[in-house]
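Residues in the sequence shown are numbered consecutively from 4, following my numbering.
Check before you lean on any hint, since a few could be wrong.
Unchecked claim - Computed cross-link-like contacts, EDC-like style, restricted to lysine to aspartate or glutamate with a CA-CA straight-line distance of at most 16 Å:
{"no.": "1", "residue 1": "K105", "residue 2": "E117"}
{"no.": "2", "residue 1": "K133", "residue 2": "D174"}
{"no.": "3", "residue 1": "K133", "residue 2": "D85"}
{"no.": "4", "residue 1": "K133", "residue 2": "E284"}
{"no.": "5", "residue 1": "K121", "residue 2": "D147"}
{"no.": "6", "residue 1": "K51", "residue 2": "E285"}
{"no.": "7", "residue 1": "K51", "residue 2": "D85"}
{"no.": "8", "residue 1": "K188", "residue 2": "D252"}
{"no.": "9", "residue 1": "K48", "residue 2": "D250"}
{"no.": "10", "residue 1": "K314", "residue 2": "E228"}
Said to hold, decoys possible - Here are the simulated distance ranges between beta carbons:
{"no.": "11", "residue 1": "E253", "residue 2": "E285", "range": "17 to 27 Å"}
{"no.": "12", "residue 1": "D250", "residue 2": "L212", "range": "51 to 61 Å"}
{"no.": "13", "residue 1": "T249", "residue 2": "R207", "range": "44 to 54 Å"}
{"no.": "14", "residue 1": "L56", "residue 2": "E132", "range": "33 to 43 Å"}
{"no.": "15", "residue 1": "E37", "residue 2": "E227", "range": "24 to 34 Å"}
{"no.": "16", "residue 1": "E107", "residue 2": "E132", "range": "16 to 26 Å"}
{"no.": "17", "residue 1": "V244", "residue 2": "L145", "range": "29 to 39 Å"}
Hint data in this document are derived by calculation from the structure and do not stem from the laboratory. Just so you know, even glycine gets a beta-carbon here, dropped at the ideal spot from N, CA and C.
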Amino acid sequence: MSQRRSNLLDLLFSAPAYQAAKQPYQDPGTADIEPFPFLALVGQKEMKLALLLSLVNPAIGGVLLVGARGTAKSTAVRSLIDLLPSMTISLCTNNLGCTEAKIEAGGMDAVCLECATKFGYGEALTRQEKVRIVELPLNARLEDVVGGIDERTVIEKNQVRLSRGLLARADQNVLYIDEVNLLDKAIADAILDASAQGYYTVWRGPQKLSYRSRFVLIGSMNPEEGALRPQIMDRFGLRVVLSGLTDSDERLEVYRRARQYRDNPAAFVAGYAQQTLALAEEIQRARQQLPDVVLSEAALALGLKLVEVLKIAS
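I would like the entire structure built from these sequences, with the hints used as guidance.
In structure tokens form, the structure reads like this:
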């Protein structure tokens, strides 16, 4: 018996899995970065208000932040991560966007046959998922943005299939474009068209597929690095022109908070956790109540007056 156990142990100790387990732990080098808390931002009230409004009502048409370096543009956008509301994702495998709400509004004929069958068996047609911030890399190609032919499927299965692009992955999320004024013209046009229509169509030879692209568009730019085409600027519902803080007390507070965050990010973020959660819940409630909001005559009159004073043509 002892000889048999020795042989088994020899096999165990020589196994690749055992040898791998014996290796000392190696740090993979990844960084777990805590975003700067939105509520810890000092000043810049107009920027913060515009960003919050875009989360409550995506139909506003996005936000463009214009300002020099150091005005917290990128920091503010990335700090929204803990405030983002949840969204309803359709589980329809036919990509038709079938939901329980469609059945309530239009009956079983409002969804595909497969989803109608699932609903009949009591299966969920949707799931709740948190809104994400999807950032557009400056070196992105047009194929990365709109999608293209799935080369892996072509090689492995000898089939032509289209893969989703960044715009499709940004559906119902926040699409953030830093240095939007430096964006390639073709990519900018594709993004703006998709944002305006809520969908876009990809053609690759005989292959054609349309994707939903209903996202909140947020762009930021430094005017010193180049101007933005008027056609692009007009596509943003809100534009905020930022300037550096001039109040000495505010500048000192910025330094203190930046120093605390740099020294211990986790502790600094934890100090704002309760307030952040309360604001996130408030945004979620406001978003749910938005369909029931009716503008008064006084509010409409004020809006028309502002359009007139600001000489807005549209």
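Tested hints:
1. K105 x E117: Given pair K105, E117 holds - Cα atoms ~14 Å apart, limit 16 Å.
2. K133 x D174: Given pair K133, D174 holds - Cα atoms ~12 Å apart, limit 16 Å.
3. K133 x D85: holds (10 Å)
4. K133 x E284: Status holds; Cα separation ~13 Å.
5. K121 x D147: violated (34 Å)
6. K51 x E285: Given that 16 Å is the threshold and the Cα spacing comes to 15 Å, the pair holds.
7. K51 x D85: holds (14 Å)
8. K188 x D252: Outside the cut-off at roughly 42 Å; violated.
9. K48 x D250: holds (14 Å)
10. K314 x E228: violated (28 Å)
11. E253 x E285: 17 to 27 Å: Distance hint for E253, E285 holds at roughly 25 Å.
12. D250 x L212: 51 to 61 Å: holds (53 Å)
13. T249 x R207: 44 to 54 Å: Cβ of T249 to Cβ of R207: about 53 Å, so the range 44 to 54 Å holds.
14. L56 x E132: 33 to 43 Å: violated (22 Å)
15. E37 x E227: 24 to 34 Å: Hint holds: Cβ distance 30 Å, inside 24 to 34 Å.
16. E107 x E132: 16 to 26 Å: At roughly 20 Å between Cβ atoms, E132 and E107 fall inside 16 to 26 Å, so the hint holds.
17. V244 x L145: 29 to 39 Å: holds (30 Å)
The structure shown violates the earlier hints numbered 5, 8, 10 and 14.
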